[in-house]
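What follows is the residue order along each chain.
Number of protein chains: 2
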Amino acid sequence: VRARFYLPFRDPDSGVAMLPDEEAFHAVRVLRVAAGDEVEVFDGLGGMWRARITQADRRGVGLTLGEPVAPAPELPVDLTLVAAVLKGDKMDDVVRDAAMVGVKAIQPVVTARAETSLAALARGRRGDRWQRVAVASIKQCGRAVLPLVHAPIDVADYWRQTTTGCRIVLVEPSACGGTVALYDVPAATAVELVVGPEGGWDPSELQLAREAGATLASLGGRTLRADAAPLVAVAALLSAWRML
Amino acid sequence: VRARFYLPFRDPDSGVAMLPDEEAFHAVRVLRVAAGDEVEVFDGLGGMWRARITQADRRGVGLTLGEPVAPAPELPVDLTLVAAVLKGDKMDDVVRDAAMVGVKAIQPVVTARAETSLAALARGRRGDRWQRVAVASIKQCGRAVLPLVHAPIDVADYWRQTTTGCRIVLVEPSACGGTVALYDVPAATAVELVVGPEGGWDPSELQLAREAGATLASLGGRTLRADAAPLVAVAALLSAWRML
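Protein chains in written order, with the numbering used here: chain A, 53 to 296; chain B, 53 to 296.
Any given hint could be a false lead.
Same chains, same label: a pair holds when it works inside one copy or across any pair of copies.
[What the hints assert, rightly or not] Distance condition first, Cα-Cα at most 30 Å in a straight line; then the derived DSS-like pairs of lysine-lysine: (1) K142 x K156; (2) K191 x K156; (3) K191 x K139; (4) K191 x K142.
These are calculated hints, taken from the structure and not from any lab test.
Input sequences plus hints: build the corresponding full structure.
Following this line, the structure appears as structure tokens:
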């Protein structure tokens, strides 16, 4: 497997490009690429090409673009994962897995039972970190489309937003009445799948979800770990819709 | 949530029991239970009860059994995950996730492209470790049935075994012809789902699978991480079968 690098900017006419600083650092210090090496680059918007390294040193990594390469196919659904920010570094795994399985965007939300705040996330520059995790994940899975990791917002503000897609919120089987099995939710072309934190949703949050017209859906009778629930839910939904 | 402990042996008549040594150590040293505490115990075979600690010290942890408790429901399918042993500790995560999502048994297999051997796994007592991981996982997800982690075997020997259930082997989309989408495999009441290692299957292993009558199934076009593929595959299969 060739090493892959994220090349968000390029001059379409010249056929030569320099890797962004962070990608160049990784290429030189970790993967030890050298002039002459064959690699692949992708632009995050669906384009992927072979490329040959022409320069790799402290001044940067240059390359010449070659033939287009077919990336991994994208999902036939515009799927946004709306995920509660979890404790510690667990959100990194959620972002990594969501990017791997094919989501188009990730919206982190801070919930009533979270042990963090928007201010703490901003201080920790967690949004930048999650976007880097998404880049690393799609390098591994072969996608050329980079999922956008939105800036975290309060979940109450999320429910007050308007949306054109269908909204599905995952709830504990015992949480409340009026829930359907996740695999029974009708297929849609655009969907926002909302997955909660370690302690589950606060009743006020479920009320906002109902008022926003979201479908409350449950996923089996076993309690899923909060860091595994988003991947299980996305896989289950896409499989039920025959889109995985 | 009450602390849960694994109590594989008890005297059904007396109503009192001692936790096994490893559970007692965890109860006293980590969770710091004390006489009078209310806990839950499960026998690994489907039974779960409330219990009250009567003794918790260096000689052990004793308890009196109380009312039965309803555990998380079991899957309506007898699902065995046959999983290639991965590098490092990644198999721990595979076992943990499989137990969480409801599999009945886990059969670790050593494959041609593995970086380990049956002898190395035996020296490292990895089988014991995986069974402990399964115990910890079902404590969290509320199951009272402990998935059996079989002793690892060579995957060629696995394919030579006879079985009454249907066998599905997960393959890369590009690996070979004659594959079906995982969500198109007809539902069964007993199934063995076989998931490969980091480097994929060796062609000789796929040949053995074909000769054994296994269904070769693929799961979307994106390359899944080897440690995430078993959870994604189990979730996708169960959701397609409306059993999750």
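We went through each hint and held it up to the structure:
1. K142 x K156: both (20 Å within a copy, 27 Å between copies)
2. K191 x K156: Within one copy only: 15 Å inside, 34 Å across.
3. K191 x K139: both (26 Å within a copy, 20 Å between copies)
4. K191 x K142: Both: 20 Å inside a copy, 20 Å across copies.
When each numbered hint is compared with the structure, no violation occurs for any of them.
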